[in-house]
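A.B. asks: As a plain string of letters, each chain reads:
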Amino acid sequence: MSNRRTVIPGEFIAEGIKGGKNTYTEEGKVYSKIYGFTDVSEDIIKVLPNKTKYVPKPTEKVIGIIKGFDFRNWYLDINSPYDARLPISLHPEYIESGELAEHLEIGDTVIAEIVSVGNDQDVDVKMDGKGLKKLEGGKIIEISPSKVPRVIGKNASMISVLKKETKCNIYVGQNGRVWIRGEVDEVKRATEAIKLIEEKAHTSGLTDKIKEFLQN
Amino acid sequence: MKKEKPDSFLDENGRRLDGREINELRPVEIEADVLERADGSCHIKLGDNKILAAVYGPREVHPRHLQEPDRAIVRYNYSMASFSVSDRKRPGPGRRSKEISKVSKEALESAIFLRKYPKSVIDVFIEIIESAAGTRATSLTAASVACADAGIPMRDLVASCAAGKIDGKIALDINELEDNFGEADVPIAMMPRTEDITLLQMDGNLTREEFKEAVQLAKKGCKELYNEQKNALKRRYER
Numbered sequence: 001m002s003n004r005r006t007v008i009p010g011e012f013i014a015e016g017i018k019g020g021k022n023t024y025t026e027e028g029k030v031y032s033k034i035y036g037f038t039d040v041s042e043d044i045i046k047v048l049p050n051k052t053k054y055v056p057k058p059t060e061k062v063i064g065i066i067k068g069f070d071f072r073n074w075y076l077d078i079n080s081p082y083d084a085r086l087p088i089s090l091h092p093e094y095i096e097s098g099e100l101a102e103h104l105e106i107g108d109t110v111i112a113e114i115v116s117v118g119n120d121q122d123v124d125v126k127m128d129g130k131g132l133k134k135l136e137g138g139k140i141i142e143i144s145p146s147k148v149p150r151v152i153g154k155n156a157s158m159i160s161v162l163k164k165e166t167k168c169n170i171y172v173g174q175n176g177r178v179w180i181r182g183e184v185d186e187v188k189r190a191t192e193a194i195k196l197i198e199e200k201a202h203t204s205g206l207t208d209k210i211k212e213f214l215q216n
Numbered sequence: 001m002k003k004e005k006p007d008s009f010l011d012e013n014g015r016r017l018d019g020r021e022i023n024e025l026r027p028v029e030i031e032a033d034v035l036e037r038a039d040g041s042c043h044i045k046l047g048d049n050k051i052l053a054a055v056y057g058p059r060e061v062h063p064r065h066l067q068e069p070d071r072a073i074v075r076y077n078y079s080m081a082s083f084s085v086s087d088r089k090r091p092g093p094g095r096r097s098k099e100i101s102k103v104s105k106e107a108l109e110s111a112i113f114l115r116k117y118p119k120s121v122i123d124v125f126i127e128i129i130e131s132a133a134g135t136r137a138t139s140l141t142a143a144s145v146a147c148a149d150a151g152i153p154m155r156d157l158v159a160s161c162a163a164g165k166i167d168g169k170i171a172l173d174i175n176e177l178e179d180n181f182g183e184a185d186v187p188i189a190m191m192p193r194t195e196d197i198t199l200l201q202m203d204g205n206l207t208r209e210e211f212k213e214a215v216q217l218a219k220k221g222c223k224e225l226y227n228e229q230k231n232a233l234k235r236r237y238e239r
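As given, the protein sequences belong to chains A and B, one line each in that order.
Under the working numbering, the first sequence has 132 at position 132, and the numbering climbs by one with no breaks.
Under the working numbering, the second sequence has 140 at position 140, and the numbering climbs by one with no breaks.
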């Protein structure tokens with residue numbers, strides 16, 4: 001990762017190259033929009049954020065917390081600037097309108113899939129699909145959504161190390177929420193490991209480091 | 001503890017009461033990401049000033065009617081702790097803190113790409129822990145570091161600093177005594193790369209020439225602060 005450099009908003013990053021994500025161009029010069037790392041690939045330069053809010057994208061699976069409901073919909077906090085809507089029609093069971101609280105109550109956590117993101121930032125999610133369910137027990141920790149790929153690792157290498165070493169059930173939502181269930185001490189160890197990954201996400205050889213951390 | 005007006009603000013060598021040169025900032029320390037629960041945060045010390053800034057968001061706007069359909073809004077809350085000044089400050093918003101919140105909000109807003117997050121709000125909370133003149137400028141400096149730390153897209157950081165007039169001379173970053181008994185105070189905020197000014201206020205009387213000199217001097221101060229802001233943010237990931 002030698003071509004990576006920490007940049008701050010408004011910092012000049014390059015000239016004569018196309019500015020990608022999180023950059024803006026003025027008079028042919030590319031400046032960073034956010035606080036993060038530069039990433040050069042061929043003829044484009046972009047900035048990867050250090051911390052960011054989750055921006056929902058269709059087909060991504062997220063961990064949501066029920067915030068409220070009306071007669072036909074639940075409203076979920078998905079760690080994004082906008083709440084998501086879960087209509088009863090997209091719940092796997094048949095539910096009479098007005099009986100929503102019997103299925104999901106305020107404070108319940110679920111794995112949901114983003115169906116659509118409207119122009120006016122309306123987010124719809126569904127729960128009928130493979131692996132989409134209500135989460136029972138366990139604990140939720142939050143990390144920056146930009147660090148999610150690191151926690152999963154290449155071909156899910158990191159997450160399988162975590163699961164194997166701690167014998168916990170772990171699910172990582174794309175919105176930066178991580179659900180862990182297992183023995184109390186093991187959950188604690190897994191939490192520490194995930195926090196470590198988040199902190200050291202910009203360094204290389206992380207999977208081995210985490211393996212070592214968990215084995216000692 | 002009340003302080004008396006000194007006979008003179010400058011000694012025979014042109015140094016100020018606290019030993020600074022006329023164009024020198026107070027010692028400054030900036031640390032980013034100090035609060036666990038906030039999305040972005042910053043602690044700044046400038047001389048005796050101690051200020052905490054916390055940024056939450058972008059997040060849903062409550063109450064809903066404040067929402068803007070095409071852009072994010074910024075809420076800036078400047079608040080002084082009751083123990084931050086020598087006489088107890090009555091807690092809660094007052095005339096002064098409301099004014100400061102308003103002008104600072106506008107100064108910060110112009111640096112943020114608000115259209116990236118329509119219908120949302122960016123909440124900025126400023127808590128003055130210890131106050132020693134120049135808190136509105138210093139808190140803006142901290143707020144912009146906290147915003148950057150929260151991952152909010154911005155055109156540039158905002159650095160802010162004041163210049164004033166003491167013993168007939170224009171001085172940078174005036175301290176508490178110089179503020180209370182000096183002749184003028186000009187806080188400015190700017191985006192250092194383009195030198196666009198986003199906040200400009202003046203208290204006291206200055207001639208046209210003095211005013212220009214004060215703005216030039218404050219700009220120089222902003223640039224020095226900008227370097228500190230930059231270092232504070234870069235330091236976080238260079239361990």
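No lab work stands behind these hints, which were simulated from the structure alone.
Check each hint, because a few of them may be wrong.
[Claimed, not checked] Straight-line alpha carbon distances no greater than 27 Å define the calculated BS3-like cross-link-like pairs of lysine-lysine that follow:
hint : chain 1 : residue 1 : chain 2 : residue 2
1    : A       : 21        : A       : 167
2    : A       : 46        : B       : 119
3    : B       : 119       : A       : 29
4    : B       : 219       : A       : 67
5    : B       : 219       : A       : 29
6    : A       : 126       : B       : 234
7    : A       : 154       : A       : 67
8    : A       : 154       : A       : 57
9    : A       : 164       : A       : 133
10   : A       : 21        : B       : 219
11   : B       : 234       : A       : 209
12   : A       : 21        : B       : 220
Predicted model, so just to flag it, every value in this text is computed and none were measured.
A.B. asks: Enumerate the violated hints, using their earlier numbering and listing them in ascending order.
C.D. replies: 1, 3, 4, 6, 7, 10 and 12
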